[in-house]
Structures are given as C-alpha cells and as structure tokens.
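Trainee: Residues per chain are reported as follows:
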Amino acid sequence: MKNVSIQWLLGDENVSVCPMMPYSQLVIDFLDQLSTVLRKSVNPGEYPDIISIAFWCRKGNILKLKEQAQDIESSLGKGLVFHITPSNVPVNFAFSFFFGLLSGNSNIVRVPSKDYPQTDIICSAIKQVLCDKKYDSIKRGNAFVKYGHEEEITDEFSSMADARIIWGGDESIKSIRKSPLKPKATEIVFADRYSFGVISLAAVKNASDSELKALAHSFYNDTYLMDQNACSTPHLIVWKKDVMGEDELMIKKTFWDAVAKEAKNYDLEPIKAIDKYTNLCAVGMEGELEVTTVNRWENLLYVVNLNKLPQDICTLRGRFGMFFDVTIDDVNALAPYIDEKVQSLLYYGIDRDELKRFVISNGLLGVDRIVPFGKALDIGVFWDGYDIIGQLSRRISF
Amino acid sequence: MERREELFGHKAFDLDKKEKREYYGDILQQLCVRHYEGCAEYKNLMDFMSFDISKKHEIEDYPFIPVRMFKEMELCSVPRNQVVKTMTSSGTTGQQVSKIFLDKTTSVNQSKVLMKITTDMLGGQRFPMLVIDSKNVIKDRKMFSARGAGILGFSMLGRDTTYALDENMRLDVEGVKAFLQRHKDETILLFGFTFIIWEHFYKVLKASEEKLDMSNGILLHGGGFKKLIEEAVDNDTYKERLNQVCGINRVCNYYGMVEQTGSIYMECECGRLHTSNYSDIIIRDPKDFSVCPIGRQGLIQLISVLPDSYPGYSILSEDIGELIGEDDCPCGRYGKTFKIIGRIKKAEVRGCSDTYEKR
Numbered sequence: 001m002k003n004v005s006i007q008w009l010l011g012d013e014n015v016s017v018c019p020m021m022p023y024s025q026l027v028i029d030f031l032d033q034l035s036t037v038l039r040k041s042v043n044p045g046e047y048p049d050i051i052s053i054a055f056w057c058r059k060g061n062i063l064k065l066k067e068q069a070q071d072i073e074s075s076l077g078k079g080l081v082f083h084i085t086p087s088n089v090p091v092n093f094a095f096s097f098f099f100g101l102l103s104g105n106s107n108i109v110r111v112p113s114k115d116y117p118q119t120d121i122i123c124s125a126i127k128q129v130l131c132d133k134k135y136d137s138i139k140r141g142n143a144f145v146k147y148g149h150e151e152e153i154t155d156e157f158s159s160m161a162d163a164r165i166i167w168g169g170d171e172s173i174k175s176i177r178k179s180p181l182k183p184k185a186t187e188i189v190f191a192d193r194y195s196f197g198v199i200s201l202a203a204v205k206n207a208s209d210s211e212l213k214a215l216a217h218s219f220y221n222d223t224y225l226m227d228q229n230a231c232s233t234p235h236l237i238v239w240k241k242d243v244m245g246e247d248e249l250m251i252k253k254t255f256w257d258a259v260a261k262e263a264k265n266y267d268l269e270p271i272k273a274i275d276k277y278t279n280l281c282a283v284g285m286e287g288e289l290e291v292t293t294v295n296r297w298e299n300l301l302y303v304v305n306l307n308k309l310p311q312d313i314c315t316l317r318g319r320f321g322m323f324f325d326v327t328i329d330d331v332n333a334l335a336p337y338i339d340e341k342v343q344s345l346l347y348y349g350i351d352r353d354e355l356k357r358f359v360i361s362n363g364l365l366g367v368d369r370i371v372p373f374g375k376a377l378d379i380g381v382f383w384d385g386y387d388i389i390g391q392l393s394r395r396i397s398f
Numbered sequence: 399m400e401r402r403e404e405l406f407g408h409k410a411f412d413l414d415k416k417e418k419r420e421y422y423g424d425i426l427q428q429l430c431v432r433h434y435e436g437c438a439e440y441k442n443l444m445d446f447m448s449f450d451i452s453k454k455h456e457i458e459d460y461p462f463i464p465v466r467m468f469k470e471m472e473l474c475s476v477p478r479n480q481v482v483k484t485m486t487s488s489g490t491t492g493q494q495v496s497k498i499f500l501d502k503t504t505s506v507n508q509s510k511v512l513m514k515i516t517t518d519m520l521g522g523q524r525f526p527m528l529v530i531d532s533k534n535v536i537k538d539r540k541m542f543s544a545r546g547a548g549i550l551g552f553s554m555l556g557r558d559t560t561y562a563l564d565e566n567m568r569l570d571v572e573g574v575k576a577f578l579q580r581h582k583d584e585t586i587l588l589f590g591f592t593f594i595i596w597e598h599f600y601k602v603l604k605a606s607e608e609k610l611d612m613s614n615g616i617l618l619h620g621g622g623f624k625k626l627i628e629e630a631v632d633n634d635t636y637k638e639r640l641n642q643v644c645g646i647n648r649v650c651n652y653y654g655m656v657e658q659t660g661s662i663y664m665e666c667e668c669g670r671l672h673t674s675n676y677s678d679i680i681i682r683d684p685k686d687f688s689v690c691p692i693g694r695q696g697l698i699q700l701i702s703v704l705p706d707s708y709p710g711y712s713i714l715s716e717d718i719g720e721l722i723g724e725d726d727c728p729c730g731r732y733g734k735t736f737k738i739i740g741r742i743k744k745a746e747v748r749g750c751s752d753t754y755e756k757r
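Chains A and B are the protein sequences, given in the same order.
Here the first sequence is numbered in our numbering, starting from 1 and rising by one per residue.
Here the second sequence is numbered in our numbering, starting from 399 and rising by one per residue.
The hints are simulated quantities; they were obtained by calculation from the structure and are not laboratory data.
Glycine included, C-beta positions come from ideal geometry on N, C-alpha and C.
Treat the hints with care, as some may be off.
[Stated by the list, open to error] Calculated Cβ distances over 12 Å to all of chain A for the following chain B residues: (1) E417; (2) M447; (3) M471; (4) L697.
[Stated by the list, open to error] Calculated pairs, DSS-like style, for lysine-lysine (alpha carbon to alpha carbon, straight line, at most 27 Å): (5) K744/B x K146/A; (6) K409/B x K272/A; (7) K252/A x K213/A; (8) K469/B x K637/B.
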C-alpha cells in the first residue's frame, strides 16, 4: 500500500501470511530471546512496564500457558491478524502482538500514535532478535505500523485481515467497525468495562500488620499505577459483613489508612488533584447517591461511603485514587447490579469458589475474571471472557 | 447583605487584614446560606461535605468549587426569570465553556466594584479609551463571551471609546492616529487582552515604520500570558517591548476570570497584583489543599463577595500563584499581593480504552 502517512516501524507492506500451530517452538524461542534482550535494554526502575512484558514472554511463563491450551496439535493460526492497540498504555501493543504470534498468526499491529520511548525500545529489541536467520519467517510475517486517523488505512488493513483485535473503548470500536472485514474474519473487541472488589471485613480484622500492608500494596498497584483508569481497575469496594458488633468502621479505616500510606508513592500532579476534586464535587452536586460519609486522606485518597448501591454501579467511577464503598451481608445480594459491563471482580478474604458459584448460579451477564487484589492489571490469554488464542486460531476436526 | 453594602461604602483598598476578616466572617456566611437555599447542587455539595452552614467559619474554611464545575453543570442560585445576563468563558473551539448566570444585583455590583478598583489603581476615571480589539466581539449581546463582557465592562471606565482593530483584526492606524490627535494632551486608557494586544498591536507596530506616541497612556490588559510563554514573554518583557513600540509608560496587568467578574486583581505601580476589599486570594498546596504561606507556590483559590446569583463566591482555579505579602505593599494599598506563575500542566493519563485518540 502506497500511503505516505503510514510509518512502518517493523516490516513493510509485503506481510507474508503463513499460519503456524499455536505455541510453536519457533515462537517460544523467539519470545524467550526477546525477553532476555528486553531485560538487558532497560533499567528496571525506569520502565517497570517493559520489565513486566519481558517477564511475561519468557519461556517458563509461555510453557505454562501452553500446558493449559487444548488440542494445539490440530490447530492453526487463522492467518493475518490486524491489531488496533490503545494509545494511552505504552506497552499494550506488545501483548497484543504476543497473542497474535502465540496463536500462530501473521500480524499487522497498529502501535500508539503518541510517541512513547517504550515503543522504540520494544521495536528495536524485536529487530535485534529478528536478525537471527532462524526467525526469518517471523520477520516476513509481521509488521508494526503507526498512523493517525486515516480511515482508508484502517479500511485497507481490515480488508486483508482474517481477524481483528480492537482494544476499546466503545467509541473507538464504533468508529473502527465502519471498516468492513472479510466475510469469514472474526473480531475481538475490548469494550469499556467496569471492575470492582469484594473484601471480607473479618479477613481485614484478622490480618497481621504485614498482611495488611501487602494487601494495601496490591491494591495500590491495581489502581494508582494506571491512574485508576484501566478497565480492570476497581472503583467500588464492597465489604462483606462477616463480623459481629460495631467495629465495621474501624476495620474499614484500618484498610483505607493502609492504602493512603501506600498512596504516598503516587505522583499526584496538581492537575490530577484538581480533576479528582472536581469529580468528587460533581458526585456531591448531583446528589443522586445515598452517601453516609466522605473521607479524605489529603488529596491522595478519597472514599465515598454509600448506604446502598445505585442501580447502575458502573456510574461509580473515580480516577487518581477515588473510591466508593458499601457494606453487604451476602455476596449474592450483588447479583441484580451486575450487567455485561462488569469485567473483573477482585477479592480478599473470600473463597474464590464462592465467587465463581455466585457468577454461575446467578446466571450473570458480567464478571469475566475473578482474581485476588494485586492481579487486576495482569493481562493474560483469557481476557474479557475471550479465549484469545482459541479465537485467533482454527481447529481442524477429524 | 448589609455588611456587604457597608463594604461598598469603603474605598477599594483600605481594610487591613483584621478588619477584612471581620467583614468576611459575616458576608461569607450569608453568601453560603444564600447559595445553599437557592442552588440545589450547592446544597447537595455542602451536605455531601458535611459542611455546617449554620455556623460562622474562617475564610479559609469555606469550601471552594473547582472552576471546571461551571463548565460541567449549570449552576444558578436564583429563579431563571431573574437572570439578566449569561456570561460564557472564552474556551477554544470544541471545549466546553463556563456558563455564569447574573441577576440584576450581581451585575450592578460587578460594575460598581470594577469601577472602584480601577479608579483607585489608575488614579481617575472616564479617560478617553482605546480598545485594542475589534468591535465585532461585542456584537452579540445575548450571549456574552468573556472577551466581549470584559470590553463592555471596562468600556464604562472610559469615554470616546474607540476600537483599534477592524473587523478582520487588522490595526486601523489612521483611526488610532485620529484618536491620539483628539486627546493629545490628556491621559488616555488603552484596554485589551494580553495576547491580542501582543499579536495584533505590538507585532504590527514593530514590523511597521509607524511611530505612535502613547507616552500619556495607561495600558490595562488581562487574560493571561499562557500563549506568550512559548515566545518567552513575561510581564516585564511585555512592558518593555510595548514601551519600545509606542512609548507607553504605565502597563497594568489584571487577573480575573469570568466566574468572578468585577472583583478583579489589578497590578499596582509596584508591579504586584492586589486583592481588594471585595476579594481575597488563598494559595493552596495541591497535595492536600492546605494553605500555603507567603512565598510558597500553589493553586489559587479566589474569593469574591459579589456572586449572588450563582454559587461562585469561592472557587479553585487551575492557576499556580504565590503570595508576596499582606498589607505591606510599598504602594500603600492594603490587601494581599501576589503573582501568577502560570497554568497547571495538562495530564498524561494512563489507562486503556482509548485506541482512537481524539483529534
């Protein structure tokens, strides 16, 4: 395609399509080498996100995923996958690329049009590994592109693809879907989602100081690290009332105090403090929630305590460290509030199987993921309810 | 509002901090109750923050509304039929604009206070006035943009109001010369917006051979240096350069916003911005909104005793500033003095769901 507004960061327009088996040895070796190069190329303190992708694509982790995969011997990649990745998470495009490779596909990946140093670091690491002749087929079958809003380009790539991945949100999906796919092509879309957490009051009450600190640290990583703006980041904390007596407020305070302490690591720029305070004032002015109290730990942490949940819990949104909390007697009481927008359910001190039963037996439309606090942002091959590797490959039946 | 009426009887800068605190103790409580009763959103917010409106509080303890709230919501404390004017901020295209609803009292008080402040600062009133803008800006009188409202508001300070720019924002040199000729032995007042003066007056004069003599003029300008920072122009450079092109000696900046029209903060002869009897400034630490002492930078909270018809008597801006002193300016005026450091930086927010970034 001769379009001047496309920047080819890797490969060129002649992407050769040659499907492979999912989790092929070649791809596993390639990713493992990439992991080594990436780890050497940055200072861990400076780019924790690069370190996390390097950690993810090392052999040990991929082999574990391979073990969980089914019937890969009778599967092949669908062909060419076109990825449209988020502009405000610098390393997400790499994960999307890994998923495409691991499922045995050729890939055209649209990287963020914003200039992140991470984009260059990852691209040059990949190029370095691809110098090895062994990976020629990977080199020929993959391209990274950067372009603005040109619909014609999205049209062109979409018309070539056997599968398309759109990393949200709703508005982007709507506009990208105007570009038609091949009739048989499939599509994975990550729409706007909502996540929340459930915490047992008893568990926090009985937690030792170090357990509490670890919980608060996990919570911090799940929320503040991404400005509380990722779809798997919780906005609402539901407390399960499994203690007797009146110490509920004390227990909550212990938890939030610990979170506030962790939040001291957060770089709260003045604009973020203003945004957050504006958000708080908007909630107050609208006056639509049944609020008992509002607690503030400087400007680092705002907690709005609710008497009861509003019908649409997805409207309870904070940013930069603002949360809503509510107490319930039984997890099942949450069922009427869960719709298809709910993605992750984070938990602490509650039995994972109890939560799974809650989702299955109530026949809920939402909740694709049940993970402990600290794992909210851990992206995997099962995401948003999709088996991504399965969706990007085809099964040959016998 | 008797206490406020008393305050209108004063000159603009004659209260020391103790006297001012006494007045504000009464006036702010009255304003708070007024908006609590008149504006449902304000009532919701006070209840939400558990703020006790029945008590008198210190100035620093009254809640402040972030200015952006006036963009996100229509906040009005009087029945809509009492609104005589709706002012909007001059947001750039595509941005949401603030909507400020004025009733008769608020509007009249704004003019009254603006007159008192400027008369004191400029040493007189009813000067022949040259507006460095185009008359087009004030054509639509139903919706007042901040720029239009500013021009109309300030034009009552002058007489023989003449517009220096034509409808295409080009400098009308002949018109300006004629104006200067008409008033050659008088003090003249030039008024305009900081950036517009720079772009359409200073740069044009600098590029041309024209030599205008405005040494008998006072230039009053506001709106901020945001766009001039790229050209590394600060307040001092601005004064110096304007003096070079037209010989003007007194260049006076003011700070204010459409959310608190009237009770503006003007720069005195010593180059400091002043609070008047009708306004106050509190610098707040963005970390926890605690009050910053003199000399420490922080977010600027603005207090005005004027807003009756919308809950904007205490607002938090997105500007960074720093107090210089209180009741101790060499110019002799009482009140706090401060300087503006600039606008806070825009955020680079992390997170997902933005693959198709906005144009």
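Trainee: Against this structure, judge whether each hint is valid.
Mentor: Taking the hints in turn, this is what the structure says about them:
1. E417: 32 Å, holds
2. M447: 6 Å, violated
3. M471: 6 Å, violated
4. L697: 6 Å, violated
5. K744/B x K146/A: 24 Å, holds
6. K409/B x K272/A: Violated, at roughly 40 Å.
7. K252/A x K213/A: 14 Å, holds
8. K469/B x K637/B: 33 Å, violated
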